[in-house]
Amino acid sequence: MMKIKVLGSGCSKCEALLAATKEAVQHLGIDARIEYVTDFAQIARYGVMSTPALVVDEKVVSAGRVLKAGQIESLLK
Amino acid sequence: MWLFIQNQILGMQWLNGLISDGLIRAGVDIESRLGGSLQFFLYDVIKITLLLCVLIFAISYIQSFFPPERSRKIMGRFHGIGANIMGALLGTVTPFCSCSSIPLFMGFTSAGLPLGVTFSFLISSPMVDLGSLVLLISIFGYKIAAAYVVFGLIIAVIGGSIIERIHLENEVEDFIRQAVAGPDIEPAELTVWDRLEFARDQMTGTFKKVFPYILIGVGIGALIHNWIPETMVETVLGSQNQWGVILATLVGVPMYADIFGTIPIAEALLGKGALLGAVLSFMMAVTTLSLPSLILLRKAVKPKLLGVFVAICVVGIILVGYGFNALRYVLL
Chain W
1 MMKIKVLGSG CSKCEALLAA TKEAVQHLGI DARIEYVTDF AQIARYGVMS TPALVVDEKV
61 VSAGRVLKAG QIESLLK
Chain Z
1 MWLFIQNQIL GMQWLNGLIS DGLIRAGVDI ESRLGGSLQF FLYDVIKITL LLCVLIFAIS
61 YIQSFFPPER SRKIMGRFHG IGANIMGALL GTVTPFCSCS SIPLFMGFTS AGLPLGVTFS
121 FLISSPMVDL GSLVLLISIF GYKIAAAYVV FGLIIAVIGG SIIERIHLEN EVEDFIRQAV
181 AGPDIEPAEL TVWDRLEFAR DQMTGTFKKV FPYILIGVGI GALIHNWIPE TMVETVLGSQ
241 NQWGVILATL VGVPMYADIF GTIPIAEALL GKGALLGAVL SFMMAVTTLS LPSLILLRKA
301 VKPKLLGVFV AICVVGIILV GYGFNALRYV LL
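Chains W and Z, in that order, give the protein sequences. Each step along the first sequence adds one to the number in my numbering, with nothing skipped, and position 9 is 9. Each step along the second sequence adds one to the number in my numbering, with nothing skipped, and position 323 is 323.
Treat the hints with care, as some may be off.
Listed below are the simulated DSSO-like cross-link pairs for lysine-lysine, each with C-alpha atoms no more than 30 Å apart in a straight line [claimed, not checked]:
id: 1; chain 1: W; residue 1: Lys77; chain 2: W; residue 2: Lys3
id: 2; chain 1: W; residue 1: Lys68; chain 2: Z; residue 2: Lys209
id: 3; chain 1: W; residue 1: Lys68; chain 2: Z; residue 2: Lys73
id: 4; chain 1: Z; residue 1: Lys73; chain 2: Z; residue 2: Lys299
id: 5; chain 1: W; residue 1: Lys3; chain 2: W; residue 2: Lys22
id: 6; chain 1: W; residue 1: Lys59; chain 2: Z; residue 2: Lys73
id: 7; chain 1: W; residue 1: Lys13; chain 2: Z; residue 2: Lys208
By construction, these hints were calculated from the structure, which means they are not laboratory data.
Whole structure, please, built from the sequences with the hints as guidance.
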């Protein structure tokens, strides 16, 4: 199972990335668990300095950008 | 040539002509108070909105080359005051949304950047950005714009250096000092298309966020422009009141607005005889400090450091205001 984390501080951009991620996972029909991380210490541990960020299987694949569902899908494949 | 760019392209005087023509044709007397307010309102809303869209787009494109990861690396190469200067300069070009300020703070601290450098960055970032530079040129001309930017950078460099000098490292919240440095993530390689897309998203996002402030700002501007007597503005913010700068700064500090919303108010006040320094201090205070941003920063630093930060900004802005007043004959 794929582990996806959306790192954010609760701002509207972060919510948008979370929604797009859910959409992408649903559209691809993959087995994945999506977690929304707002704890700053954890965010820092990934080396992320601009939120929102997307982490797939513990690897940061995007930071500081609100990706569209389509873009996330190509990252997940 | 330069004046043409300043007045017609950036200042959009052609637009003002177009609007007056349109209003006259629609039977509005633009010499009347109401008509004049209407003209000011329409002209300023359209002008500022156009400038905002073009500017944010162009600037975001430039900013996409300076993700915080890269800025942090560049700052790390400098030492002493040089690092503060780099921090202040990079603060102007690194894309930065206030909701990212805590992760950014942690990223800088955990990488071992001195506290003062981080603060030089944090002061200059909202105070001076590329957008405000171009916007100031269009409204006040290039001399004032350049002076505004230089003064802003000086506050950021000196402010950061003072914070460094008085050793307030213990005043940073523990969870930030103890943050484990994450791996150096390589910023993704962006194609031209990615950058354009980023710029477009920033533009639409900023527009949605800022447009209400533009309407409010221009509304207040129109009110000042046509309804508030000149003598009143002169008495409070003009040469007769030596406290004008301090008053303007203190009123501006708690307010939250974007520079795009502040500028029509500044423009109208200046037209009514307020002194340059009072007007620019007001703008700097509004954009640099606000209650929401202070509440956010309070999560990262303890009250004492927050107090020092606010005090430095307020004193710096007031000094800059008096500096502008002293230089106003050269600049206007």
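Evaluation of the provided hints:
Restraint check for Lys77(W) and Lys3(W): the C-alpha separation of about 13 Å stays at or below 30 Å, so the hint holds. Our distance criterion of 30 Å between C-alpha atoms is met by Lys68(W) and Lys209(Z), whose separation comes to about 20 Å. In summary, the hint linking Lys68(W) to Lys73(Z) is supported, as the alpha carbons are separated by about 29 Å, within the 30 Å threshold. Annotation: proposed proximity of Lys73(Z) to Lys299(Z) holds, straight-line Cα distance about 25 Å (limit 30 Å).
The hinted pair formed by Lys3(W) and Lys22(W) meets the criterion: a straight-line CA distance of about 12 Å does not exceed 30 Å. For the given pair, Lys59(W) sits about 21 Å from Lys73(Z) by alpha-carbon distance, which is consistent with the 30 Å threshold. Distance hint between Lys13(W) and Lys208(Z) is fulfilled; the C-alpha atoms sit about 13 Å from each other, no more than 30 Å.
The structure fails none of the hints (numbered hints given earlier).
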